[in-house]
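Number of protein chains: 2
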Amino acid sequence: MTTHEYAIGIDIGGTTTSFGFVDRSGKVAVEATISTHAHELARKLVERICATIDGLRCSCEGDIRLTGIGVGAPNANYRSGTVDHPVNLSWGASTNLVELFRGYYDLPVAITNDANAAAIGEMLFGGARGMKDFIVITLGTGLGSGLVANGELLYGSNGLAGELGHTVVDPQGRDCACGKQGCLEAYVSAGGICRTVSELLALRRDESPLRCIAPAELTSCDVYQAACMGDSLALAAFDRTARLLGMKLADAAAHTGPEAIFVTGGLAEAGDVLLEPTRRYVEEFLFAPLRGSVKLLKSGMPESNGAIAGAAALIWHELGKSVVVG
Amino acid sequence: MTTHEYAIGIDIGGTTTSFGFVDRSGKVAVEATISTHAHELARKLVERICATIDGLRCSCEGDIRLTGIGVGAPNANYRSGTVDHPVNLSWGASTNLVELFRGYYDLPVAITNDANAAAIGEMLFGGARGMKDFIVITLGTGLGSGLVANGELLYGSNGLAGELGHTVVDPQGRDCACGKQGCLEAYVSAGGICRTVSELLALRRDESPLRCIAPAELTSCDVYQAACMGDSLALAAFDRTARLLGMKLADAAAHTGPEAIFVTGGLAEAGDVLLEPTRRYVEEFLFAPLRGSVKLLKSGMPESNGAIAGAAALIWHELGKSVVVG
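Residue numbers (my numbering), protein chains in the order written: chain A, 125 to 450; chain B, 125 to 450.
Wrong hints could be hidden among the right ones.
[To be verified] Among the chain A residues that face chain B by a calculated CB cut under 8 Å, a handful are:
1. 276
2. 378
3. 414
4. 415
These aren't lab readings, by the way, just hints derived from the structure by calculation. Nothing here was measured: the structure is a model prediction, and the numbers come from that model. Just so you know, even glycine gets a beta-carbon here, dropped at the ideal spot from N, CA and C.
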């Protein structure tokens, strides 16, 4: 009987937590999704995850060897192993997630935030295979980023590198959830594009179905659907979003000189409605010698369980850095 | 008789070119400076450099073994070995500087721009010894930058990473020498602060000795001297410069998470007149979890021959990466 080697990949979100067994090629063999119960302590969530993992184990065919655990979680710090002040979870100031998992399994455990996990996933299993320098941007509720340079993820001296969502677009601009003003995330994210719609509704007089939706109800999906119907206001909102994203991605390229920038997450589902104008603005704002050298691409990871594979990629990358890709 | 091992460090500037023999500890044993003759072809400059190097060799005591040649030059591309479209030199579209030097010496040759050479120098011989993640900013005629992450200089996929001078401060802003509008360098550099003085002279009515200097004659030294005398307009110019620099350094920190940012070059000679307000603005614009974790420091390299040592550090770093520091 052959023995199958798997890493456990765990993606902890504000609402649901997904996890599964992932082989060296990025294939997810089995997976499960449970409610996160954001009001509970982390200890309870880890207990429920590990109980379900034991169940998954029984459902696998053949002999199984688990090699390690990779976790993507909001505000997770790779260096300290802790999750500090997560905005959407009632975990308190600091939770050592590595220790909690090590209480159940005698396996290597690594944690990082979801954008960094997406970047490692892209490098091992997605569109960035063979690339040494690239950036992954996650566009969802917020704007996350993972930067890879010289073939290694940038964690920085404090474990907090790659926070492009909190670079400054306008120092007198919109309030950001982080407490600052004018952060990129306040403009370019699912919520950001809705705020841009409000701004345009005030500035302009053209008719739009978006005028009939209460701001508290408006979602980026509404804006996308209106744009697909040719609504001029929705298209203008995407153009403004693309311009600021393009400007700051050109800045990011001036920092690390990436071969490609991958975009993923809910808002990235808008596809070319967002990416096509963003490509144009990236070129416009790029330092001349860099023009034409930075590709803007949709993520090459599967939408359904890409986050699980990304979290598993984190620990496969740690384990000997000899992953078979292809 | 003992044999001394030296790397040759060469710093090519628009006006003068300096070079010398540098040991593994960063000590410059002998050095020379010649005119660059910016109107000449690169071939002639290399010929004159190599003739002078032969002379330097004779002036050294004991046996000498030369280990390699490191060159810092404007627009020098580490990956291609070429200098492309240098603004202040009549070298044409592309010059392979590595090949030119290899025509004279059978030694390893590496080239990069002056800011990257300064960063490698800081890492091996200066204030960044022992640091894995830091940034060096050179404030002179332009604004150059060298970024080190995970202990390695970032060159990017195209050899052009670390161009913070051409990140965007204001897309409708000042014309930049690079052809774009609103680049950081057009605001924060020796020339940038003079342009800020012109702007403030138009906006404000306060008396200032700077009103008596023709804009074409005004230098950043004039602005610095006026600031030291307590001139309110000059101090306001430094404050505006510091605010934009602080904002973009906070952005840079959100990319790579540096332990420290070192500032060097002519404008950095203003010392705390510039650095003290910049430190304040960096903190103001930093993403909250990063606050207090990024030091802003003056370069730890000697002013007189730091550029020669930096260029030599480039090749010492290449050679086995086993340099004895301390």
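Status of each hint after checking the structure:
1. 276: 5 Å, holds
2. 378: OK, holds: residue 378 of chain A within 8 Å of chain B, min 4 Å.
3. 414: 6 Å, holds
4. 415: Violated, because the Cβ-Cβ distance from residue 415 of chain A to chain B comes to roughly 10 Å (cut-off 8 Å).
When each numbered hint is compared with the structure, a violation occurs for hint 4 only.
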